[in-house]
Amino acid sequence: MTENGSFIVNGSERVIVSQLHRSPGVIFLEKSLPTGRTPTAQIIPYRGAWVEFEIDTKDQIYVRIDKRKKLPATVLLRALGWESDADILKLYAKTERLVLAGWQVTHAEGPAKQLKSGDLLDAADFRQASTDYPDLEVERCYRVTEVTDKNCPLEIGQELTYKDRTNLRRKWKGFETELFRRVVDTHNSGCELIPGQVLTNSEYEGARARYGSKAFTAEQILSQDSQESVGRVCAEDIINPETGEVLLTANTLLTETELERLGEAGVEALTVLDAEDCQHIRFLRNTLERDRQADYEEPYTLKDAALLTIFRTLRPGDPAGLENARKHLSWLLFDAHRYDLGVVGRYKLNRKFQNIPVYGEPPEETLRTLRPEDIAATVDYLLKVHNGIAPKDDLDHLGNRRVRVIGELLENQFRMGLFQIRRTTRERLSTDNDIAKVVPSSLVNPKPLMMALREFFGSNQLSQFMQQINPLDELTHKRRISAIGPGGLHRDRATAAVRDVHRTHYGRVCPLETPEGPSIGLIVSLACYGRINPYGFIETPYHRVDEDAKLGPVEYLTADTARATQRNGKQTGDGDAAASEHLLPVRSGEDVLSLPMEKVDYIGVSPQQIVGISAALVPFLEHEDANRALMGANHQRQAVPLVRPEAPLVGTGMEAPAALYSGALITAKRAGTVTSVSAGETLHHDQGENTFSEMGYDVYKLQTFKRSNSGTCIHQHPIVAVGDIVEAEQVIVDGTSTENGELALGRNVLCAYMPWGGHNYEDSILISETLIKEDTFTSIHIEEFEVEARETKVGPEEITRDIPNVSEQRLTQLDEEGIIRVGSVVGAGSILVGKITPKGESEYGPEEKLLRAIFGEKVKEVRDASTYVRPGVEGVVIDVKVFSRKPDGASRRGSWTPSDSGLSTADNLRYESKRKEIEETWREQIASIRRRKIEETRNTLIGCELADSLYMVNIHVPNANAREHIQRVEEMAQGRITTYTEEKERALQQLEMGDELKPGVIKRVKVYVASKRPISVGDKMAGRYGNKGVIAKILPAEDMPYLPDGTPVELVLNPLGVPSRMNVGQILEIHLGWACHELGIRVATPVFDGATEGEIFEMLGKTDLPKRSKQSGKSILFDGRTGDPFAQEVTVGYVYFLKLNHLVADKMHARSTGPYSLVTQQPLGGKAQHGGQRLGEMEVWALEAYGAAHTLQEMLTLKSDDVLGRREIYESVVKGLNPEPPGTPESFKVLVRELQTLGLYVSLDKDEDCLLQPSSHSVIIFEVCFSNPPAPLLQATGFV
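Taking our numbering as reference, the numbering of the sequence shown is continuous, increasing by one, and the terminal residue is 1353.
Worth flagging that the hints you see were computed from the coordinates, not collected in a lab.
Since the model is a prediction, treat every value here as computed from it, not as a measurement.
Please note: incorrect hints may appear among the correct ones.
No more than 27 Å apart at the CA atoms, straight line, and that leaves these computed lysine-lysine pairs for DSSO-like [what the hints assert, rightly or not]:
1) K1106 <-> K1180
2) K167 <-> K551
3) K1101 <-> K551
4) K376 <-> K131
5) K163 <-> K143
6) K912 <-> K922
7) K1240 <-> K1085
8) K142 <-> K104
9) K774 <-> K1057
Starting from the given sequences, assemble the full structure and let the hints guide the process.
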């Protein structure tokens, strides 16, 4: 891994892209059903089986474990310990005690104030209250207050004694005990406890016998309590205490019939579910009804039967045993080796269920397996979601999606490799008979781990070849986040909702920077200030707004942070968020509100935090259409590094940070003075005399003319001079596409928006020849050519200068080894590396045998396998690298000439200079210390020159600190010398061992050819606003339109490309750029906080331009060809333009002959296959419309798939004969064979009678026979 965050894999630099995937935890979504939408719940582990809950059309809750057949959710709850219906009901609903017949408080006064009106007391409670008040008496009297049956022999107001009531019950069949209650009407002053209570019959009789009959009267009424009890749900089984019979089971709905049964059985009170909670869990009650119908085995308890049911569903073919069932469920959901929620999953569960009583106390995040409470809480929350109490989740919310970075991805690969090692180790232990003789080296094989890592870095979808066109391209590639990859989405199945911009992307994911095409929205980039927290969630910074509306400290918030009002980062005051007293647009969750500053919780740190790095480099982004802004951000990554880059006149302020963090620059590690500057390295000394960690100086190695992964040139050059004083973190070396520490992807050019002779039609671009003469858009590209000499079956290949059938003139640039010399100018067809390959042995004729017998040793037959420069490439050889398995004197090139020590002269000089440099620094520092101490103590008794010459002599220094100081310097110097000595020894050892090559490779040679490419017709250029185009014409400077002062413009764009694209930012840029150029300044206009139109015209007003130009930003232009002014003023100014990596030199391709498709015999397509140009059906229509019959026939036969005709046409041209008529195209023969496979006999006959003249073409008649085809054809097709 490099210090810039990339990885070197098999010699190439790669980037591991972070993956955005669904977060572990629990998520509640909606599922579409034929009857509507219903909520679902998913417990998603980091590794293990998914547990999914859903509510079906019958309002029942089902669960799926590990994507298997669904089960009633209550089966899983029973298996987890909530065995009975009562246990499950009490888990989710509160219960209350329902007194079917008792004392009901109508009003409470005096000592009875602790009771509430409507409270219902059973007999025991009433007896306890009567004990506290001994004056309580009971009078046996009933008064009829209401008659509900017309057959009732009673009248309202009629009074009955207890005996009368008993006789009435015997005589009248309509009498129901449950419908009558004794309502107490107290009239004794001592009886303040329970005025207006309701007693049951047995309670009344007991109270009357105990307390007397004069304390209260009772009147007979229709019981309202019985009516209120109807519709309640039993929370537990009701058992007859005398017989043990189960009268009602839990989850039973109370009806009048059921209440009558309970009354007859003497049940006076029971436990029921809370009415509100009962409505909340109605789906769970339905599931219990469904679960009650399950066929549980008699010998087993409900829990055991549930375990068996789950096991049979998950493992239908395995024998179901109770112990197996129990172990399987535990292994599936509660075993840490099999199931892993991860720290993130437990964190999400704790946040989601923190207010769910069933969940209990949130466990530690180190608990990474499920608990029964987790599943119970999931069911509870699912019911809340369905009832509208809790909100459902959004799958695309960034609170439910997290980023897996390289460390986590590598951890998974290590786990897979270690699991494989564990499996193989166990197999070896089980098969090895003699365990005592087993050694760890033979038992543990580390290859699976190495293979897993090698496969991950080499072929994983997230391990990508680093894009390195320019520093911005490299930076954005490292900040890229992909939803594609192992365990992620597939671009063919991803919906628009996943690809779309989400509100939680604000400040976390750039809404603009994404590829165009199938991956749009699936590959995104981090926003400017976004960061990934330890849980993998993306955070963005905000200022907290204090109570007095002042900006507080910066806090990083995730997407699932509690709802808070937030506004963007465009501040109205310097550090004072309350500078504006007006209502401000703020965001609160999904809503956009207008609130005063006092109600704002957070404010963004910057206006540009919403976008990514590339989009933040586009000035006036707020004036852009989103589609064009996306193109502008992507175009900057495609800009080719120029020979003379220039920072933009109109920037955004992000150019310096982007260049710094891209790794293209080199900054000073500490303050100091520059002492040496060269093209290869820069050296500066430290200013602090007490810093000895690196001997007081730093050396910075520069990269010069290095090939990037994309074929562009990486070149660094110092921007400091000897004697300059630099500060820590100051930029001292510029890199590719940078200028003075700022990103410089293009050039500022004088541009005019006007039509010019139709040459800028349809986004074409007209440029001046000056741009070529001054190398304004010239770039350097480096091609790499690699040659390998291998061992073959007939002998080894050889890299040599002795190439058969090649003239000496073509070998002049090769050295004695057959490798091109550095500095050679090469072009298409030049030999870079000479290589010969032995031919296979063949039988010799008599003459050859005679010659070999006469001359003895036979001549080895070889063929030319040299590497030639491919067409379209020309340049200078800048470097050659040779890798050999067995080094010898002939295996090193140029500067690698072997010396007596085995190293090259250059390497020996380098190591020797390093040693001398360390000794020199060592001498200077020790001499400085001793000289200073000698001068302090002896007053120049020893001169400075003598002290300098005695730096290695052990002179006694009386100061103890100085002695320690000198000792530290000496130890550091000796350590550095030892380090370089060991490095030299390793280099010698490497020479002796040779290079590590792939099996079968003897030698490998790499040749680097640099080509200088000026701008040319056909190259693609673009601005920063998605205004792309292709160069159509390069005009001489004298023909270009020019300003009134004679300055010719350098670029002419079509004005029609602006209005329809709605990217008017380029118009603001051209005005502001003109003002900046005239004033000689550079400006920064941050995105969403850029310069206004008034500020731009204010800057134009400060220039020396004509008055009309200051007011309009336009100028009169003159035609360079005629000198006449154009009819109207033209928008003119300076724009920042880029040269994109779509160069015409890479796309130029021509073919005379080449490879053909095996089936159709038509030429292949594409430059890489040396293919031809496709002539499609629309092109055929065009030729038909022109009546070009002969051209069309040539295109479809001789130039396509007429195999015989294309061979004969060459002979005809060489011999000067008339070409023969075209034959039958191969594609037609393929069609005929296709028909024959269908059993159709198709014959091709030429009618000789229709030949009018020898040069005329034959008339072809097709005969399709269905009735009597030849027997061989039927046999061949299988019809016989």
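These are the hints, each one checked on the structure:
Between K1106 and K1180, the direct Cα distance comes to roughly 33 Å. Violation of the 27 Å bound is thereby established for this hinted pair. With a C-alpha separation of about 54 Å, the suggested pairing of K167 with K551 is violated against the 27 Å cut-off. For a cut-off of 27 Å, the pair hint linking K1101 to K551 stands: about 26 Å separates their Cα positions. For the hint linking K376 to K131, the alpha-carbon distance of about 25 Å falls within 27 Å, and the restraint holds.
Distance restraint check for K163 and K143: the Cα-Cα separation of roughly 24 Å lies within the 27 Å cut-off, and the hinted pair is therefore satisfied. Taking the CA atoms of K912 and K922, the gap is near 18 Å; set against the 27 Å cutoff, the hint holds. With a CA separation close to 22 Å, the supplied pair K1240 and K1085 stays within the 27 Å bound. At roughly 17 Å between alpha-carbon atoms, K142 and K104 fall within 27 Å of each other, so this suggested pair holds.
As the CA atoms of K774 and K1057 are separated by approximately 18 Å, the hinted pair is consistent with the 27 Å bound.
Of the numbered hints given earlier, the model fails hints 1 and 2; all others are met.
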